[in-house]
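**Student:** Residue-level listing of the chains:
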Amino acid sequence: MNAWLMAENAGYTTGGRWLVERADLALQGGALTVVIGPNGAGKSTLLRLLSGELTPQRGRITSLGAPLAEVPAWQLAARRVVMAQSGRLGFPFRVHEVVALGILSIGRRLPRTERDSLVEASLHSADMLALADRDFQTLSGGEQQRVHFARALCQLEAARRIEARQVLMLDEPIASLDLEHQFALLDAARALTRRPDSPVAVLAILHDLNLAACYADHLVVLSRGRIAAQGPVQKILDEALLAEVFGVRLGITRHHGLPVILPQARRVAGA
Amino acid sequence: MSPEALRETLHGGQAGSGRGGVVAILTMSRHRRALFWAVLGSGLLAGLILLSLFKGAIALPAASLLQTLGSLIELGRLPDTREALILVNIRLPRTLLAMLVGAALAVSGAVLQGLFRNPLADPGLIGVSAGAALAAGLTIVLGETLLAPAFGKMPFAVLPVGAFLGGLGSTLMLYGIATRAGRTSIATMLLAGVAMGALSGALSGFLAYLSDDRQLRDLTFWALGSFSGASWTKLAAVAPAMIAILVAAPFLARGLDALALGEAEAYHLGLPVQRVKAAAILIAAVAVGASVAVAGMIGFVGIVVPHVLRILLGASHRLLLPFSALGGAVLLLGADIVARLVVAPAELPIGILTAAIGAPFFLWLLLRREVRSFE
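Residue numbers (the working numbering), protein chains in the order written: chain A, 1 to 271; chain B, 1 to 375.
Bound-form chain A, shown alone (with noise of 0.2 Å):
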């Protein structure tokens, strides 16, 4: 069987560079994937070679068996739906109106009452209803990213109607956001892999080690363009691949079976 979305061998190469070497990843409904690795990993080149983005000239990237670059954009919108890292917007639009923007190509058809209560149920989720009449251009960095995650769930929700098998990208999806947010943005991630009817394969790419042990289900770590390693947290995340991968030697206890990393149990290098 194919897979939801699958990457076999891909790679990406600019300016006599392989950002991503050689990737092998295969997203299926029903988990969650967080993606670490340290900055320069190629993490967020992996996520846009995966979204169609930029296409591998190594390898292929599949999503149900076709290659991306044969998947027409309106379609794929319906496959995958992205979140990206930067979201700024050269205009002033209201926040209402940039969650509608993820039902603008895929939810043309709809009736207008209808756009209108996906677009209110996603500011919901997201905790940002009480700001929808506001200009987005004015919000706080944490304010947008909820506005983008509310964008995103839109568009997903939509295209639901289309496509069973989605796709959701998340680059970096709580890195302005406040504690309370953090989890609330992970645990809605968690609840649409767990959804009873047409599960959602997430991919995010996380910072926060403890966070990534905490919520994934498949963690991949990515170093110098490369998977160092990917599976269960339990069965891969140790000190040994934390000091290989991150240059840092961290100390890790177990909590419920879980790592729990503590920066508090650093020691230097070389010591």
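Just so you know, these hints were derived from the structure itself, not from any lab. All of these numbers come straight from a predicted model, not from anything done at the bench. Built from N, CA and C at the ideal position, the CB exists for glycine as well. Some hints could be false.
Per the computed footprint, the stretches of chain B lying under chain A, defined by three or more beta-carbons under 8 Å from a beta-carbon of chain A, are [stated by the list, open to error]: (1) 248-258; (2) 273-282; (3) 306-317.
Given the coordinates of chain A, work out where chain B should sit on it, guided by the hints.
**Tutor:** Frame of chain A; chain B shown alone:
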């Protein structure tokens, strides 16, 4: 609506229940506001049209318009009066041309701003008009020599085509220079626009040396912009293309809205990004080329009109594009009336007038830090 009021509404209705929800109310109030401005704008335009027909170096009494109309209906031809001739052969084409050019320039501004994701893009500011004017100048000076043997006299319709190609060429070059790997650098765009505008200006100046007296007068006219040469011939040459782009532009609204997020994001949303960009460039080039061909360089309409409309109606291109057409027509028709009246019986080149209004407006924009996206 304040956050408190929104929360109130939310507690009244159920979240996500559609009709009666917060978002439904917001969409509704936007539609109502759009309707209000549409009615007001149309009324204003109608008033300006009447003013434009009656006022000028020679004031025409309302009675003469009625008389002309009556005669046209009764006899099927125009009365042989001076008033009727002025009205039908001078004022009417001029009025229509000012409206069309205003609409086309404002729409091209809105489209270029959407394409470049920046409210500072204006065909005059980023050298597109200068490119079109250069091509128009080339057509005047060289076209005569090249085409005269075949046609005897250069047909006027060649001019808009030349200006269009000039506008298209400069837009494509600018986009190519400012965009790397799907990202448009605004600083590069503005600087490249300035450089290309200067280059086009220099080449146009060089053309002035090559041209004879009559050509020189034509070239000067391009530099300042004016509707004083309006005629049915000119109108007929550019109206079809202009009306076509005014009708086509609103279909770009969805694509330009998506592009506001960025090219990659627009693709993620399911838009055929390359096609949207190509259509935007084509529409802007046709609008600017046709405008420059009949009226010369008229600056700042493309930046002032969309900006004011974004304040009144919001940023969505679905309203912005059709309203830009209306707003541009109102602004330029009004400016033309002023240009005809302030120094009557002579008249001011309209480009001077729009620059006198537009440049301070532009500085005020910068002062208000309205422009956030200077990357």
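**Student:** So, for every hint listed, does it hold in this structure?
**Tutor:** Against the structure, the hints:
Counting residues of the stretch 248-258 of chain B whose C-beta lies closer than 8 Å to any C-beta of chain A gives 3; at least three are required, and the coverage claim holds. Only when three residues or more bring their CB closer than 8 Å to a CB of chain A does the claim for the stretch 273-282 of chain B stand; here the count is 1, and the claim is violated. Under a criterion of three residues with beta carbons nearer than 8 Å to beta carbons of chain A, the stated coverage of the stretch 306-317 of chain B is upheld, 4 such residues being counted.
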